[in-house]
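Participant: Here's the letter readout for the chains.
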Amino acid sequence: MPFTAHDLRYDLERSYPSLCAYLQQRAQRYLGPLAFDANEVDQVVGHIVEQLTRLQLLGGGDHSPQTALDRFSNAQFYAFLNRSVKNKAIDRLRKRRLPASTLAELEALGNSDEENNPMSTVTNSIWGSTPFPTPEEVALHAASHQELRNLLKHCIEELSAAPRQLQAVMQELTELGAGDLLKEIDEKYHTLLAGLPLAHLSQHKDHAHKKLRHCLQKSSSNLAVLVAFRLTEYGHYFTGTEEVSVATQTLAQDDLSKQEVQTGLKHLVSEGLLDWHGEETVRFSSIQHKHLARFYEEGE
Amino acid sequence: MNERDQNEGLPDPRNEYLPLAQWLQQVLAITPQPNAELTSITDNGARFGDDYHMEFYQQLPDFVLALLHDDTQATLRFAPLLFHLIGCPTCHAAYLEIYDAMRATVVPGEIHLLAGNGTHSMATTSTRMLVYLCRLLINQAETVLRQARQKHIDNDAWARSLLQQAIQISSHLTQSTLRQRALHDLVEVATLFDGAGEPAEQSPAAHSYTPVMSGGATRHGGKTRRRTETIDRPAEQPAIYLQSGLSELEGRITQNEDMLELHLVELDQKLRGHFLTISVPLGSILEPVRWLGGNPYAIRSQVPVSEDGSLTTPLGKTELRISNPEDHNLLEALFKKLDVRPIETM
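Taken in order, these protein sequences are the chains called Z and E. By numbering that gives the first Met the number 0, the letter at position 85 of the first sequence is numbered 84, and the numbering carries on one by one without gaps. By numbering that gives the first Met the number 0, the letter at position 99 of the second sequence is numbered 98, and the numbering carries on one by one without gaps.
These are calculated hints, taken from the structure and not from any lab test. Heads up, some of the hints might be wrong.
What the hints assert, rightly or not - Only pairs whose alpha carbons sit at most 30 Å apart, straight line, appear in this in silico DSSO-like list of lysine-lysine: (1) K150/E <-> K210/Z; (2) K150/E <-> K257/Z; (3) K150/E <-> K204/Z.
As the list claims (entries may be wrong) - These stretches of chain Z come out as covered by chain E in the derived footprint (C-beta under 8 Å, 3 or more residues): (4) 145-153; (5) 171-181; (6) 217-223.
Here a beta-carbon is modelled for each residue, glycine too, at the ideal position from N, C-alpha and C.
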């Protein structure tokens, strides 16, 4: 019996047997020489079931937020499952040290319906490599991407509430040679940091890192940067005045929810960059416009 | 000379940011748990990996889709996730897996294989997969509750729904040993609910009962049983049999029309002549029982413990039937823990 992502979210008890049957059939297909090893089949099926649970799809109902998986067509959802099974099966084959070529041989010998499934070779050639294949690549992107670097600067500046922690991070950045990032922070907090002793910096550094981790991974920080960018990008000057306005709907575009826009705006209010009290249209002065641009743009 | 040749010899501009990137990795690193790979389906007793981060994991499909659609603001919009991926190998591995699987869904002209039209039911599904799902749902409920506690939000309804589904699905397992395995962490997770568990002023339980493992659902008469030999067990009367681990006491729950009744025997001397408070910690997870007094944590016995140490008292009404195998299993899950304590007389 066919099932959908919607069924798995809202009627798990009824649709789970069909999901298992489908995953099992695909797992046996891709496991080749291990196809009759019930333990290996369960490993593959169990992995996908676990992933779907972690993604909050299985039995999530209205409690968990919907994701791109919920918006897939049935065909796309099955393709997603099929590919997930295939990847895990290859992983199992590798762990059992079976030759990868086994898989290709099996494809050639597959049933008639399998000729419709030349996924791996097609997708790889069309779509190229995966972005951010390693955590190192992610870190390099974050360090070299202007907006993300600015977000880092913003989080470092938040350390100014505990000057010794800011000082500890500034020293680290100096040692790294991160001059661009340091320059503006240094100008802004030079007076605050002047005269602070350099003792116990290691302890302050640990606290500072903890705060940085929290700041970089909380959504209001990046939403504030994104909303600040959109305010400066989409704001219109009233004719003959110094006032700029932009509708919150415009700030949302297609990819932010109303709540996310509000979170970003509230963060900007807390930074003293905006006067906004929940109105549908955000209004700000040309001076505030400059400050918002400065908030968004990296120090030049 | 092609572009590649022209660029040869020039420094990679990204190298400029390499030290900062390495520092970011150091700042954001999350120490992986010793057993980073999530618990194998064949591991019966172990817990699932705790190094999975629900808040970020759930964002992966939307992030991946934004990348596949070349959304230029994807990394800024998902910046918290991106920074998290720098330091969390578990979530990064999940990202790679999900990216590859989702990429297969957007290939033009790709032909997708739909599920067949065969009829599948719980009865034909591998019991291992049923046990595994129950344990995953309970583990997910635990994660939801722990995150809610950290963030000071109320996710009780969500967690309760996950536990209800786990109990409901476990009721399709006919072997009670499998049901016990499926619901292994249920009681522990249920105590994480706000206001759940024993009220602070309550004394420790005098006795704590759990269901006796048995092979079948309802027809217990001919089963071999290590315990419950002394309890009066009328032939063919459907019941849920209980035992108290440390004191080796026995009990059972029977049904008289809609009313569930608790029968306990050989209670200690100090409880005799006292009324008891009966606590069913999972009683608020499933809602088909209307508990006597309305509070499953404090059901007052209708009579005191008799001089011979026995007690028979009603617990609450339900439309479920112990004689029905699946209903029996649901009720058995509900009574996975039953505590009794004496009510002090003035």
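Participant: Hint by hint, note whether the structure agrees.
Facilitator: We went through each hint and held it up to the structure:
1. Proposed proximity of K150/E and K210/Z is supported: the alpha carbons are some 16 Å apart, at most 30 Å.
2. As the CA atoms of K150/E and K257/Z are separated by approximately 21 Å, the hinted pair is consistent with the 30 Å bound.
3. Restraint check for K150/E and K204/Z: satisfied, since their Cα atoms lie roughly 25 Å apart, inside the 30 Å limit.
4. Proximity of the stretch 145-153 of chain Z to chain E, defined as three or more residues with a beta carbon under 8 Å from a beta carbon of that chain, is established by the 5 residues found.
5. Requiring three or more residues with a Cβ within less than 8 Å of a Cβ of chain E, the coverage given for the stretch 171-181 of chain Z holds, as 6 such residues are present.
6. Closer than 8 Å: that is the beta-carbon criterion, and the stretch 217-223 of chain Z has 4 residues meeting it against chain E, so the requirement of 3 holds.
When the structure is compared with the earlier hints, no violation turns up for any of them.
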